[in-house]
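Letter by letter, the chains look like this.
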Amino acid sequence: MTVSVRASLMITCLGDLFYPEVGVKIVRLLRGLGVAVDFPEGQTCCALPLFNSGYHAEAAAIARRTVPLFRDSEYVIVPSGSCAWMVKHEYLGLLTDPALRAQAKALAARTYELSQFLVKVVGRTRFRSAMAGRVTYHDSCHLLRGLGESESPRTILRNLEGADFVELGGSDECCGFGGSFAVRLPEVSASILDKKLANVEATGARCVAACDAGCLMQMGGGLRRRRSPVRAVHLAELLEAGES
Amino acid sequence: MSETATPFRQRAAGALNDAFLRQALTIATTKFIDLRREAFGDFPEGEALREQARQIKEATLQHLDQYLDQLIDNVERRGGHVHYADTAEDARRIILDIARRTGARLAVKSKSMATEEIELNEALIHAGVTPVETDLGEYIIQLAHEKPSHIIAPAIHKTKGQVAELFARELGREVAADPEELTRIARGELREKFLQADLGITGANFAVASTGTVVLVTNEGNGRMVTSLPRVHVAVMGVEKVVPSMTDLMVFLAILAKSATGQKLSSYTTLVQGPRHPGELEGAEEFHLVLLDNGRVKQIAGTLREALSCLRCGACLNVCPVYRQIGGHAYGYTYPGPIGILLTAMIHGGPAVKDLAHASSLCGACVEACPVKIDIPKMLIELRKENVERQVAPRPERLVFRILAELLASPRLYRLGAPLARLLQRPFARDGAIQWLPLFLGEWTRTRDLPAVAPRTFTERWADLEHRS
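Residue numbers (the working numbering), protein chains in the order written: chain A, 190 to 433; chain B, 107 to 575.
Wrong hints could be hidden among the right ones.
[What the hints assert, rightly or not] Listed below are the simulated BS3-like cross-link pairs for lysine-lysine, each with C-alpha atoms no more than 25 Å apart in a straight line:
(1) B:K370 x B:K479
(2) B:K137 x B:K404
(3) B:K253 x B:K266
(4) B:K404 x B:K484
(5) B:K370 x A:K384
(6) B:K370 x A:K294
(7) B:K299 x B:K266
(8) B:K137 x A:K384
(9) B:K404 x B:K370
[What the hints assert, rightly or not] Pair by pair, the computed Cβ-Cβ distance ranges are:
(10) B:R337 x A:G337: 18 to 28 Å
(11) A:N348 x B:P500: 27 to 37 Å
(12) A:E350 x B:E495: 51 to 61 Å
Honestly, the hints are just simulated from the structure, not real lab data. Yeah, the Cβ is synthetic: ideal placement off N, Cα and C, and Gly gets one too.
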């Protein structure tokens with residue numbers, strides 16, 4: 190199955206610096222599905238960390254730079270629910286220039302989180318699993334409650350050939366990341382994380398998948414620190430590039 | 107934790123170390139969440155009514171002055187007295203004047219956050235009037251000389267074992283840690299007080315403008331006794347609690363108890379229409395309604411406007427991951443939890459919540475649980491922004507964000523940042539992860555590993571990928 194679609198990858202700062210292999214995986218996956226992928230030069234960060242901490246003038250400067258980078262994109266794929274939320278819901282309010290605002294509106298309409306893009310645009314829900322065994326899924330808050338998306342990642346996971354998907358107890362509860370929250374109130378953040386990881390371990394899964402780099406940093410960092418055999422992975426890491 | 111940690115962070119960390127508190131919180135909030143989910147699950151009209159309730163609140167705020175005038179007229183027409191308090195101090199003075207004039211010595215109270223907000227009990231005691239809380243949870247915390255830690259479940263932070271110990275100590279009654287037995291003892295103690303009291307003080311969940319009706323939603327029957335047994339009844343109500351009509355009231359009653367306790371309706375819905383009239387069997391001889399502003403009216407045109415729709419149901423507390431870990435006392439003000447941060451800012455001003463505004467991961471669970479869908483995260487971000495603009499954030503924090511902003515606003519600097527980070531992380535990184543970092547970054551690494559900046563970022567790998575396409 191191939192589709193003729195052009196899509197630009199918005200890698201996000203955490204994806205770029207900490208999880209480049211996820212980005213590489215996504216590029217190969219999409220190309221395997223017939224999507225022509227480009228990577229507009231000059232990307233840094235979506236500005237959500239600045240925005241959420243109240244530095245709106247600074248966030249606006251980044252939005253002003255980022256919006257034109259994707260002016261010619263047919264679709265924009267963001268492998269992180271919270272960054273997709275920022276682009277889709279907060280950019281417009283930060284911009285005053287009418288031309289830029291029009292571009293930001295168009296960008297919001299063309300921007301998809303990765304699982305949404307796979308299911309809703311490409312129409313592909315069946316993949317071979319890159320990892321055998323039991324997997325579970327954590328709903329990132331911005332993807333679930335912000336973008337209202339719980340089904341796309343689950344559709345993919347339920348159909349994942351060679352893996353056994355189980356629901357995570359309290360999957361809709363925050364992992365305690367919250368951006369700067371994690372270092373402003375580290376004790377509370379860690380305590381919320383403990384509960385999340387206890388739920389993850391109770392599933393008996395080999396890995397917990399998520400669609401947000403922030404949650405992966407938080408859960409992955411916690412699992413590693415407690416020397417857990419469970420891994421936190423981006424959904425894309427579970428998907429084999431070839432035909433299913 | 108360093109000694110420079112904010113007082114809020116220290117209180118929160120203290121709460122995390124209290125095993126009793128955490129046990130009590132987990133049990134109670136989990137139960138509230140399940141009951142709420144069931145209540146709305148059995149009620150398909152719920153969604154539409156929530157939307158309607160939100161619209162009624164918004165429409166009422168647009169003409170709040172008119173509805174208040176109407177309410178005042180109708181309460182007075184029924185023989186009640188209405189007082190307007192600009193501040194907490196005004197409200198205390200008004201109520202103390204009533205107590206003095208009527209010679210009150212003993213006041214029974216039904217649960218009211220508005221009277222907590224104006225710190226009425228302390229003022230009454232100072233004026234020689236003994237206040238007695240008659241809601242079981244409030245009674246418990248009054249005995250313990252504490253403050254409520256939840257908007258509708260004031261003693262949520264106590265286990266039943268702790269309550270039994272408290273009763274033994276304060277009442278000299280040895281009793282098993284059995285909720286029914288504990289309630290029976292409290293009821294016996296309170297019965298006498300109801301009969302002796304000369305002043306009854308309540309809050310109000312709503313007041314209906316078109317009829318002059320003050321509405322109390324309770325579960326223990328104490329509210330009804332407070333409004334009918336003492337000679338004088340004073341109700342204290344935030345001005346935003348007025349609703350236009352009885353029809354509007356029905357919309358709120360249909361969703362309030364479901365959101366708060368998961369009940370279809372509360373056990374008692376008490377409608378008070380002025381003092382007792384000739385021929386009526388119950389009601390106080392004298393009725394006063396105190397309308398409290400205390401920072402509310404200013405917000406009709408302010409950042410926190412949406413928070414004026416709050417029904418004080420507590421649903422946002424129960425689902426908040428932060429509240430569920432630390433409980434209400436750690437917040438340090440009358441109103442805890444996500445909505446409490448907004449109400450604290452409303453009453454005490456934005457700078458008062460410079461730390462509290464960050465006591466949220468912005469997960470949005472509160473918006474989903476709120477019966478009127480108040481966008482709490484959005485207003486928290488707005489409060490953070492105002493405090494950034496006021497420069498009340500600590501200087502080191504502002505410096506860090508300034509540097510971050512420069513770095514992220516310039517692709518050239520951002521590209522240079524990766525090799526620099528790799529150089530700096532070299533002493534700390536092992537197998538692609540970092541277990542210890544200095545300064546504020548240590549707040550992360552104390553409990554979690556941090557991924558190291560990759561040997562080649564995605565941006566650095568793109569050239570290879572592009573050529574292979």
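Going down the list of hints, with the structure as the test:
no., hint, result
1, B:K370 x B:K479, "holds (19 Å)"
2, B:K137 x B:K404, "violated (37 Å)"
3, B:K253 x B:K266, "holds (17 Å)"
4, B:K404 x B:K484, "holds (19 Å)"
5, B:K370 x A:K384, "violated (31 Å)"
6, B:K370 x A:K294, "violated (43 Å)"
7, B:K299 x B:K266, "holds (24 Å)"
8, B:K137 x A:K384, "holds (17 Å)"
9, B:K404 x B:K370, "violated (35 Å)"
10, B:R337 x A:G337: 18 to 28 Å, "violated (55 Å)"
11, A:N348 x B:P500: 27 to 37 Å, "violated (49 Å)"
12, A:E350 x B:E495: 51 to 61 Å, "holds (53 Å)"
When held up to the earlier numbered hints, the structure conflicts with 2, 5, 6, 9, 10, 11 and fits the remainder.
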